[in-house]
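Asker: One line per chain: the protein sequences are V and A, in this order. So for the first sequence, full-length UniProt numbering puts the first residue at 1; every next one is plus one. So for the second sequence, full-length UniProt numbering puts the first residue at 1; every next one is plus one.
For the record, the hints were derived by calculation from the structure and aren't laboratory data. This one's a predicted model, so the numbers in the text were calculated from it and none came from an experiment. You can take every hint at face value.
Note that the list lumps identical chains together, so a pair holds whenever it fits in one copy or between two copies.
Here are the computed lysine-lysine pairs in the DSSO-like style, where the Cα-Cα straight-line distance is at most 27 Å: (1) Lys262 with Lys25; (2) Lys60 with Lys50; (3) Lys50 with Lys333; (4) Lys459 with Lys481; (5) Lys101 with Lys90; (6) Lys136 with Lys17; (7) Lys262 with Lys312; (8) Lys351 with Lys60; (9) Lys332 with Lys57; (10) Lys351 with Lys312; (11) Lys101 with Lys253; (12) Lys60 with Lys322; (13) Lys116 with Lys90; (14) Lys484 with Lys237; (15) Lys351 with Lys262.
There are 2 protein chains.
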Amino acid sequence: MAKELKDLTKRSEDYSKWYNELVVKADLAEQSPVRGCMVIKPYGYAIWEKMQQTLDKMFKETGVQNAYFPLLIPKSFLCREAEHVEGFAKECAVVTHYRLKNAPDGSGVIVDPAAKLEEEFIVRPTSETIIWGTYKNWIHSYRDLPLLINQWANVMRWEMRTRMFLRTSEFLWQEGHCAHATAEESEKRTVQMINVYAEFAEKYMAMPVIIGVKSENERFAGAVNTYTIEAMMQDGKALQSGTSHNLGQNFAKAFDVTFMNKENKPEYVWANSWGVSTRLMGALIMTHSDDNGLVLPPHLAPIQVVIVPIYKNNDQLSEISKAVDPIVAELKKRGISVKYDDADNRRPGFKFADYELKGVPVRLAIGARDLENGTVEIMRRDTLEKETVSLDGIEDRIEKELEDIQNCLYNRALKLRNEHTYVVDSYDEFKEKIENGGFFLAHWDGTVETEERIKEETKATIRCIPLSGEEEEGVCMVTGKPSKRRVIIARAY
Amino acid sequence: MAKELKDLTKRSEDYSKWYNELVVKADLAEQSPVRGCMVIKPYGYAIWEKMQQTLDKMFKETGVQNAYFPLLIPKSFLCREAEHVEGFAKECAVVTHYRLKNAPDGSGVIVDPAAKLEEEFIVRPTSETIIWGTYKNWIHSYRDLPLLINQWANVMRWEMRTRMFLRTSEFLWQEGHCAHATAEESEKRTVQMINVYAEFAEKYMAMPVIIGVKSENERFAGAVNTYTIEAMMQDGKALQSGTSHNLGQNFAKAFDVTFMNKENKPEYVWANSWGVSTRLMGALIMTHSDDNGLVLPPHLAPIQVVIVPIYKNNDQLSEISKAVDPIVAELKKRGISVKYDDADNRRPGFKFADYELKGVPVRLAIGARDLENGTVEIMRRDTLEKETVSLDGIEDRIEKELEDIQNCLYNRALKLRNEHTYVVDSYDEFKEKIENGGFFLAHWDGTVETEERIKEETKATIRCIPLSGEEEEGVCMVTGKPSKRRVIIARAY
Numbered sequence: 001m002a003k004e005l006k007d008l009t010k011r012s013e014d015y016s017k018w019y020n021e022l023v024v025k026a027d028l029a030e031q032s033p034v035r036g037c038m039v040i041k042p043y044g045y046a047i048w049e050k051m052q053q054t055l056d057k058m059f060k061e062t063g064v065q066n067a068y069f070p071l072l073i074p075k076s077f078l079c080r081e082a083e084h085v086e087g088f089a090k091e092c093a094v095v096t097h098y099r100l101k102n103a104p105d106g107s108g109v110i111v112d113p114a115a116k117l118e119e120e121f122i123v124r125p126t127s128e129t130i131i132w133g134t135y136k137n138w139i140h141s142y143r144d145l146p147l148l149i150n151q152w153a154n155v156m157r158w159e160m161r162t163r164m165f166l167r168t169s170e171f172l173w174q175e176g177h178c179a180h181a182t183a184e185e186s187e188k189r190t191v192q193m194i195n196v197y198a199e200f201a202e203k204y205m206a207m208p209v210i211i212g213v214k215s216e217n218e219r220f221a222g223a224v225n226t227y228t229i230e231a232m233m234q235d236g237k238a239l240q241s242g243t244s245h246n247l248g249q250n251f252a253k254a255f256d257v258t259f260m261n262k263e264n265k266p267e268y269v270w271a272n273s274w275g276v277s278t279r280l281m282g283a284l285i286m287t288h289s290d291d292n293g294l295v296l297p298p299h300l301a302p303i304q305v306v307i308v309p310i311y312k313n314n315d316q317l318s319e320i321s322k323a324v325d326p327i328v329a330e331l332k333k334r335g336i337s338v339k340y341d342d343a344d345n346r347r348p349g350f351k352f353a354d355y356e357l358k359g360v361p362v363r364l365a366i367g368a369r370d371l372e373n374g375t376v377e378i379m380r381r382d383t384l385e386k387e388t389v390s391l392d393g394i395e396d397r398i399e400k401e402l403e404d405i406q407n408c409l410y411n412r413a414l415k416l417r418n419e420h421t422y423v424v425d426s427y428d429e430f431k432e433k434i435e436n437g438g439f440f441l442a443h444w445d446g447t448v449e450t451e452e453r454i455k456e457e458t459k460a461t462i463r464c465i466p467l468s469g470e471e472e473e474g475v476c477m478v479t480g481k482p483s484k485r486r487v488i489i490a491r492a493y
Numbered sequence: 001m002a003k004e005l006k007d008l009t010k011r012s013e014d015y016s017k018w019y020n021e022l023v024v025k026a027d028l029a030e031q032s033p034v035r036g037c038m039v040i041k042p043y044g045y046a047i048w049e050k051m052q053q054t055l056d057k058m059f060k061e062t063g064v065q066n067a068y069f070p071l072l073i074p075k076s077f078l079c080r081e082a083e084h085v086e087g088f089a090k091e092c093a094v095v096t097h098y099r100l101k102n103a104p105d106g107s108g109v110i111v112d113p114a115a116k117l118e119e120e121f122i123v124r125p126t127s128e129t130i131i132w133g134t135y136k137n138w139i140h141s142y143r144d145l146p147l148l149i150n151q152w153a154n155v156m157r158w159e160m161r162t163r164m165f166l167r168t169s170e171f172l173w174q175e176g177h178c179a180h181a182t183a184e185e186s187e188k189r190t191v192q193m194i195n196v197y198a199e200f201a202e203k204y205m206a207m208p209v210i211i212g213v214k215s216e217n218e219r220f221a222g223a224v225n226t227y228t229i230e231a232m233m234q235d236g237k238a239l240q241s242g243t244s245h246n247l248g249q250n251f252a253k254a255f256d257v258t259f260m261n262k263e264n265k266p267e268y269v270w271a272n273s274w275g276v277s278t279r280l281m282g283a284l285i286m287t288h289s290d291d292n293g294l295v296l297p298p299h300l301a302p303i304q305v306v307i308v309p310i311y312k313n314n315d316q317l318s319e320i321s322k323a324v325d326p327i328v329a330e331l332k333k334r335g336i337s338v339k340y341d342d343a344d345n346r347r348p349g350f351k352f353a354d355y356e357l358k359g360v361p362v363r364l365a366i367g368a369r370d371l372e373n374g375t376v377e378i379m380r381r382d383t384l385e386k387e388t389v390s391l392d393g394i395e396d397r398i399e400k401e402l403e404d405i406q407n408c409l410y411n412r413a414l415k416l417r418n419e420h421t422y423v424v425d426s427y428d429e430f431k432e433k434i435e436n437g438g439f440f441l442a443h444w445d446g447t448v449e450t451e452e453r454i455k456e457e458t459k460a461t462i463r464c465i466p467l468s469g470e471e472e473e474g475v476c477m478v479t480g481k482p483s484k485r486r487v488i489i490a491r492a493y
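This is chain V alone, in the form it adopts within the complex (with noise of 0.2 Å):
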């Protein structure tokens, strides 16, 4: 383990096979054997689950319920929306058989011909196909709505170029689903989604984000609008960390989807939905991790605290455990995951570099001289500061380092971004500043044509409409032509 982490590429030297080394040495993550896919190893789904329990519980709060729907979708489904079925046919996985057979010639198994689907299946790449094709069914009234439904499942986008977490062919994700009774109600709720996400994203991900809305040529096939979350990861790139689309009456009109209105009038249904993924793994590890591996906020650990004695014999050990037993009680007791590893295969040398590989966010060593002066030694993750401490009250010290790890690494990545944003006029400048990454702020005529030319001359592209921003009269730094506002222009994953 120790000659593992040594290996670890610095994030100077290269900051994308950093991550790459990262995902796998840290046992988050690893390729399969299926083009794009990835296994996600114990430890990368503890920090998931530990996610998902925390935006289970924000969604609930906001009246949403969870529901189930198929994989597979007709094809007919998928075309039913023009712009949507644009943005995701291009790359599915088609089922078109429900049969294996033996080779005639006796060769293997062969695709049976004989059990040729009529209509061909696509996996899901996303739901609102066959969600809006199950709502027809489930609205007649506006006594129906709203509908407020979240689904937790794997979706499947036949991917070119995928990196584990960031981008990959099959990924697990939430997908909400709310039908509206009216146009106001559902880009309120499409609001308040975007805004849970950015709570979640700051307060358990200690990861600062930006809110802003997409660009029409940004937007989500078949959305109205497109609400967004964009984080600055430490190489200075942008990463859409959540998304949120207010899909006007599109689906609705699709699948014929009418209610009768408070007027006894029949109306189309006004939708919303709006996702996050495991991608929120690739933007945890980027935020904050480090050349020593991961550093995980604390909301989020799986393991909060690990404890290592130190000692020579058996006696020392039991010496020490003596101790710690009840610290490790006290610690269960108010909710902290605590590990101790009092394991004889590996020296204490090896499960600190592991533990720090972890991202464990506090270590206690303890041995047996701090035994006898009632010491400890504590251990921070994010600074990798060291302290002698009293053994005396230890579980309250460890709840306000656990509380200021969570609270720093924010600041840290807060500071970083601003360090990483600026103000921008000239396009020149703006090539020029670009190519070490950072946001920028700069003015943009509105059309799809310099968007386009931006991504072309620069790889950047319009991140959002930062809906924090402040109207600003001005001019296009690519046409000179007039704007009104200024957008976030950068790279990203």
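Go by the hints and put chain A onto chain V.
Answerer: Below, chain A without anything else, positioned relative to chain V:
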């Protein structure tokens, strides 16, 4: 709702129709537009979530960790274990292409023939192959063992005849996949997990089960031995509710997974797998429910207590609410899930019928006169018995009733099973009695021929060789050949 309830078919008229109707009317699930797949509606999903949470906790207490493996299985993987492919190839969804495109003649969207996969993928019917293909990289030494992994996932089997929850093309489940250094340890884990399932069934579902071993014919494809829990439904048919398979070294050999044992010699790894699925929802429904609708055991009821106010005007309602609010608060404090239904768009009678249909274990009704008298009407869903009791100490009473309902449901189901379990020694007697359902303890000569003859002639199958059964000299009721143990024979879902 009251009308819908009246429409529910009676169990005595048509048990099968009663089940299908109940699933839909109680808002648990409905057929989807995808052949053989269901939509699990919020109320049904809430019950499944309670099952998941409970099982997940039980698994983790035995040291199991969750992980996630790919949905798609390369065809060649499925084919590595001969019996396994034989068991699953006949009914599977096959992915052959990765793109759709616009038809050249403008007739719509078609599968792009240029996007044919070199190797087809199967939507997982179960994950032994992909998981053992992965374990090869994870297991090198005895120190890497045991490996105790579980996955919550969707799986797909192209079933010809489907019924909601009981048999659907796609279903949700968990699948545990453990790797061990010795045959003994693996067998021990296999038995441990079937016991976990039995404990869950009896303690949470209030459903008595018989733990036993499957006959060779009924084993999981690729297993050395399959343990099962079998429950009796109200119509006397058996429902296999969970299975745990000792896979020997079959999958380790198929995927060449070896480890260096303590003697530093390479050895194939020992495996087991175990799973329960949304089928448990069907078992739950059919074990307890009645002609008025669902009956849910309190441990799995999303709403355990509902309180319905009966009032003539808003003043009365507000007086009632004043009395109810602290009761709701106290129940929540005790961890009891309670709903105070003061919605004014449905009359109390409708609410009563609805909550009966939904199986809410305890209902309180409180009106103006109750307030004067300091009383409340309490009704138990299992017995439909009403009683007027003092508001004083009502929380204790509710807690007691919930506990009692949980026990009574179990005892009622156990009584039914005992009453319909028969010891038979004559095949003629068996053939006559099986028409009315029930479990039959009979001697069987242990041959596949006899097993298949019984199935052909009576539609009954050998459910299991019960672990609790004792050795007893006897002769097969069909062939007269010697037998040392009675098996359980029944018709089954």
